[in-house]
Amino acid sequence: MPVEQSRMNIESTSDGPKWHSQYPELGTDPVPIEPYVSPEFFELERNRVFRRAWLCLGREERLPNPGDFFVKDLAIARTSIIVVRGEDGRIRAFHNACSHRSNKVEWQAKGCASTFTCPFHGWCYGLDGNLLAIPDEKNFFYLEKNKLGLTPIELDIWQGFIFINLSPEQSLREYLGEWADALEGYPFAANGATCYEWSTELRCNWKLLRDAFKEAYHVAFLHRRSVRDSYSGRKNPFSHALYFKLFRLHQRWSLPANPEYQPSPLEAIAYRYASFVLKNDFTREPPRGVNPANDPNWVLDINAIFPNYTIDMLENGYFTYNFWPIAIDRTLWEVRAYFPHPRNAAERFSQEHARVTYRDVIMEDASTMENTQSVIASGAKTHFNFQDEELLLRHDNKVLAEYMGLTNGRAKVRRSRGGNHVRRPAA
Amino acid sequence: MSDVRLPDQFRDLEPLAGLWSLPTEAERHDRRLASNMAELRRLYDALMPRIVDVLAYLSEFQVENLTPEGRNLFYLACSLAEISPAVELFGQPQVPAGYDSRRFIPAEGQ
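For the record, the sequence lines run as chains A and B. If you use the numbering used here, the first sequence closes out at 569, no skipped numbers anywhere. If you use the numbering used here, the second sequence closes out at 116, no skipped numbers anywhere.
The hints are simulated quantities; they were obtained by calculation from the structure and are not laboratory data. Glycine included, C-beta positions come from ideal geometry on N, C-alpha and C. Any given hint could be a false lead.
[Unchecked claim] Derived coverage of chain B by chain A (criterion: at least 3 residues anywhere in the stretch with Cβ under 8 Å from a Cβ of chain A; other residues may be distant):
1. 17-25
2. 47-61
3. 82-92
Isolated chain A (complex conformation) (with noise of 0.2 Å):
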C-alpha cells in the first residue's frame, strides 16, 4: 500500500443524506458539546448511567476453571469487583470489599484461589461470597457470620459475554433486546479461542472514544497512511455505511471493503493463513449473525451495546472496546482481539501480523482524543456538527441524555445542582 500523504483526489460519489430521514425522532441539529465537559453531567452518568445499566467485562472464557477469578476496579461506580468462576461452574460477581473494615479483599488483578482471603486481619470468604472464617473470632461481641459474606453484584452472561448490573431494573436479555436477537449463532466462542488485550489510560472523556470508534468519515483522512485503501476506494471513497440500525439503547453498523483493494506484500502473504484484519474472505460463506444487509463488499459489523461496549464483528474474529470513564476527563480503554484457535504457528503468525497492524491503525485513532479534549473545554466551540454518516454519534448522545431522565441534557443538569437527588445502588 503507497504511503500518499499528497492531497488526495477523492470525489462525493453519495447523493447526499439518507440514514437521518429513517430516524426522523434524531433531528439533524448541532449537537452541544456540554455534556463532554460538564462535571454535573459527569456526575448524573455515573450514578444514573454506570449505576444502573448492564455493563460487559469480556469473556467467560476469562475464567475456564473453578476458583479462576479476576478483579475489575471499576473507578466510575467508586468500587472494585471480584468476578469469579465457582466450585459449581457458575460465575458470580461480589464488590471486592471486606466485612470487617471494607478493605480490599482481593489485590491481584487475576489468578485462581480457593478462597479469598483479607489481608488485612485474615477474614476468609469461599468462591461463592460466603464468609468462612475471622481469625481470633470469639473476641468480637456479636456477629451474624451468614449475613457478613462478600456483597453479590448482579450477573449474567449472554453469548459468553459476562455483565454486571449495580442496580439491575431488567434482565440482561431484556436489556440486550431485539439488537441481540440477530447476533446470536455467531461463532463467538470458536472466533474468540484466542485473545489478546491491550490497556491505555487516556486523557480525554470517555465519550470522545467512544465517539472515534462510531464513525468511518474519518477512515480517507485520518487512516491515509493505513487502513485508508482497504475500507474505501473509488467507488465509495468515504467509506459511506452499507447498513446502519439503531435499536432503542444498542447499534448495529457495517462497513465497506474496496474490492479493488491490493494488499501488501508481507499482507497478501499472512492472509493466505487465515487473516482478516483488512477484508474478509469472499470465498467463504460468512457465518450468521453479520453482514446484515448481505453486500457482497462487507468487511465488518460495529455493534454497540449502550453504553460503553462495542464489538467488531469480522467473518473471523472479532475486536472489542470498553471504555471506562475514571473522571470527566480520564479515560481507561481496553482493547481485545479475539481470533479463532490457530491451527499451527503460521496461523499464529497471520493473528500476529492481523492484530499488530490493527494495533497501529487504532493508534492513528487514538491520536485524537487527547487533542480534542485539550481544546474542548475552551468554549471555542458549542456544538458538534454531524453529518448523515455520524448517525450513531447523535444517537449515543441521544439516548445518553433519556437514559439519565434528561430531554434537554443542558437545562435538567443546571437543575440538579439544586439537590436533584439520584438514586443510590441498592447494594
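Given the coordinates of chain A, work out where chain B should sit on it, guided by the hints.
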C-alpha cells in the same frame, strides 16, 4: 555468529535472530521503536524473500510443539509482522502523529 539458533535450513538468518527473536509483543515493539529505518529494512529485506518458506515450515507445527530452534524462527517471523507497518505503510518506526504506543500496554505474555 549469534548464539540464537534457527532450524538448519534457516541458519543464514541467525544473525538477525540474535536481535529479533523476541518472545513478546512488548519486546518486539520496543525493538522496533529503538531501531532506525535502515535497521528495520535490514530485517525486512532479509526475511521477506524467505517468509513463504518460513511459514511453510511453521505450518507443520503448533506453536507449543515447536523445537527451541523453531520457536526462535516463529519469534523472528513475529518481528517481521511487528515491523511491517513501519516499512510498508509509514516509512518510519512509529505510527506518524499517532498515540504513544508505549502507553498502549499489552497484557502479559502476548
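If you count the residues of the stretch 82-92 of chain B with a beta-carbon closer than 8 Å to a beta-carbon of chain A, do you get 3 or more?
Contact hint for the stretch 82-92 of chain B vs chain A: holds, 7 residues under 8 Å.
With a cut-off of 8 Å between beta carbons, are at least three residues of the stretch 47-61 of chain B near chain A?
Since 4 is at least three, the answer is holds.
Are 3 or more residues of the stretch 17-25 of chain B near chain A, judged by a Cβ distance of less than 8 Å?
Since 0 is below three, the answer is violated.
Violation of the numbered hints given earlier is confined to hint 1; every other hint is satisfied by the structure.
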